[in-house]
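Using the sequences provided together with the hints, build the complete structure.
Protein chains in written order, with numbering that gives the first Met the number 0: chain A, 0 to 144; chain B, 0 to 361.
Hints were generated in silico from the structure; no laboratory data involved. Among these hints, one or two may not hold up.
[To be verified] List time: in silico BS3-like cross-link candidates among lysine-lysine, alpha-carbon distance up to 30 angstroms:
#1 K216(B) <-> K117(B)
#2 K117(B) <-> K65(A)
#3 K65(A) <-> K95(A)
#4 K65(A) <-> K179(B)
#5 K143(A) <-> K174(B)
#6 K135(A) <-> K162(B)
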Amino acid sequence: MTDFDLELDSNLEFEPDILTFCCNWCSYAGADLAGVSRLQYPANNRIVRVMCSSRIEPTFILEAFKEGADGVLVTGCHIGDCHYIEGNEHTDVRMKEMVEALERLGLGERLHLEWVSAAEGKKFQETMIDFVEKIKALGPSPLKQ
Amino acid sequence: MPSNIQLCYQCGKCTAICPVRRVVKTSPRTTIYQSNVYGIDSDDIWNCLTCNRCYDTCPQGVDYPEFVREERANRDSTGAGAGTKIAHEGVFTLLAGMMADLGNSRTTLKEAGNERSKVGYYPGCLDFHDMFFNVDVDFKAIAVSSMELLGDMELDPKLLQMKCCGHDQLWQGDKTTFDKLKEQNTKLIEESGIETLVTSCAECYRTLSQDYDLPVKVVHISQLLKDANLNTSTATTTDPGINVTYHDACRLGRHMGEYDAPRDALTNSGASITEMKHNKNDSWCCGVSSMMNCNDRSKALRKAKLDEAKDTGADVLITTCPKCLAHLTCMKTEQESVENYEFEIKDLTVFLAEQKGGKKDE
Numbered sequence: 000m001t002d003f004d005l006e007l008d009s010n011l012e013f014e015p016d017i018l019t020f021c022c023n024w025c026s027y028a029g030a031d032l033a034g035v036s037r038l039q040y041p042a043n044n045r046i047v048r049v050m051c052s053s054r055i056e057p058t059f060i061l062e063a064f065k066e067g068a069d070g071v072l073v074t075g076c077h078i079g080d081c082h083y084i085e086g087n088e089h090t091d092v093r094m095k096e097m098v099e100a101l102e103r104l105g106l107g108e109r110l111h112l113e114w115v116s117a118a119e120g121k122k123f124q125e126t127m128i129d130f131v132e133k134i135k136a137l138g139p140s141p142l143k144q
Numbered sequence: 000m001p002s003n004i005q006l007c008y009q010c011g012k013c014t015a016i017c018p019v020r021r022v023v024k025t026s027p028r029t030t031i032y033q034s035n036v037y038g039i040d041s042d043d044i045w046n047c048l049t050c051n052r053c054y055d056t057c058p059q060g061v062d063y064p065e066f067v068r069e070e071r072a073n074r075d076s077t078g079a080g081a082g083t084k085i086a087h088e089g090v091f092t093l094l095a096g097m098m099a100d101l102g103n104s105r106t107t108l109k110e111a112g113n114e115r116s117k118v119g120y121y122p123g124c125l126d127f128h129d130m131f132f133n134v135d136v137d138f139k140a141i142a143v144s145s146m147e148l149l150g151d152m153e154l155d156p157k158l159l160q161m162k163c164c165g166h167d168q169l170w171q172g173d174k175t176t177f178d179k180l181k182e183q184n185t186k187l188i189e190e191s192g193i194e195t196l197v198t199s200c201a202e203c204y205r206t207l208s209q210d211y212d213l214p215v216k217v218v219h220i221s222q223l224l225k226d227a228n229l230n231t232s233t234a235t236t237t238d239p240g241i242n243v244t245y246h247d248a249c250r251l252g253r254h255m256g257e258y259d260a261p262r263d264a265l266t267n268s269g270a271s272i273t274e275m276k277h278n279k280n281d282s283w284c285c286g287v288s289s290m291m292n293c294n295d296r297s298k299a300l301r302k303a304k305l306d307e308a309k310d311t312g313a314d315v316l317i318t319t320c321p322k323c324l325a326h327l328t329c330m331k332t333e334q335e336s337v338e339n340y341e342f343e344i345k346d347l348t349v350f351l352a353e354q355k356g357g358k359k360d361e
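This is the structure we're talking about:
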């Protein structure tokens, strides 16, 4: 590697890898709406579509961090709007426990839960921008190789 | 220490006595025979609960659980517990693995105690139990009660902020993670300046005293409690006391040979103990060890255990291992619709702390 390359490398901004879970009925449609409305947001996220946000097990999130994700964003329907009546209420409880567990590992701030409905393309965009900014400020995950 | 299965002369006492054998077609004798004679790697090792029942019985002193542990480590090619399903989707294994890789992570509980104390209390993974077990048990109460009881004994303890002890990883065959945790914990203990390390968990006790090389003395809290004067035994002359039964956790009983200390502690507190049909070194297992093999078969073992406890007519089932506590409580809740278990399941420290509090109120 030449000196020139080194200089270039140090100028590169940290681009986080963010894993986003979207539920099939609300937040994935919300992400879709953000797309068709041509709302711009950072390209750091990788979306995984699940049928319901309550499908997301604690191990999914831990596995994501283990594999080098800098942040995990969990999105689902608003409370009361769940396609499966009360699935997202389970998510709510589980994610609170998960944040607590991750705090013990020093990763608590890297997990975020947000309710996004199918009509909230704008909110999806804003959530994304805010979360990427937050993770950029935190820096790379200590588990990243 | 390499396992000594070559000593086996195939008497079959291990298979006859094996608790898992009652529910699964498993045979320690055959597994040893195949390994010794043909060099076959039997998948039977994944069924073993490593409860040490066979080692306790073996006339030759063959340490089958040790053999199982080594074999699991040797065969671990695609991550921990490759040959079996780990309970709770392996969330504890993942957490411990991440804890081993992260420098500053600890299992922490808020009560910190005296910073300069020579006695350290290690709560283990109680806080994670609270987060991920869906049972009606307050695990943090074990830590709180232990600290309270140690305080009453004027030991002035401090709560150690260590990582997971690595017990489950070791027995699941993930030696790499265990070694990392061991190294980091040993350093933390050395830095803390304690002389005595107290645990309230049978698994931590076994791991810290046998699998770690610590410069400090490791004791289980029951060994301190048996000699302690906790002002709970005042009413014994008139009041026969609460009727309890005690479940020997395999790690404290058969692994560490400590059968009497918890019983003495209970008797001192004014409780009367009714023993289960199978007790002390003959005790039946809670069915899950190292977070492995939580399935229909081990549930049958737990059902048998609960039925035995029911037969004693005791009001409280006491144990010294948070995992036994969790799994027996889980089974009790599950069975409530068909069976009527009228006893409570409690940890030794929680029970003693409650007894003490109750007597104060009178």
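Going straight from one Cα to the other, do K65(A) and K179(B) come out at no more than 30 angstroms? holds (16 angstroms)
Holds or violated: K143(A) with K174(B), Cα cutoff 30 angstroms? With Cα atoms ~22 angstroms apart, K143(A) and K174(B) stay inside 30 angstroms; holds.
Starting from K216(B), check that the Cα of K117(B) is at most 30 angstroms away, please. holds (11 angstroms)
So if I understand the rule, the pair passes when the alpha-carbon distance is 30 angstroms or less; does K65(A) with K95(A) pass? Given pair K65(A), K95(A) holds - Cα atoms ~19 angstroms apart, limit 30 angstroms.
Given the hint that K135(A) pairs with K162(B), does the C-alpha gap stay at or below 30 angstroms? Distance of about 28 angstroms is within 30 angstroms: holds.
Between the alpha carbons of K117(B) and K65(A), is the straight-line distance 30 angstroms or under? violated (36 angstroms)
Going through the hint list in order, the structure does not satisfy hint 2, though it satisfies all others.
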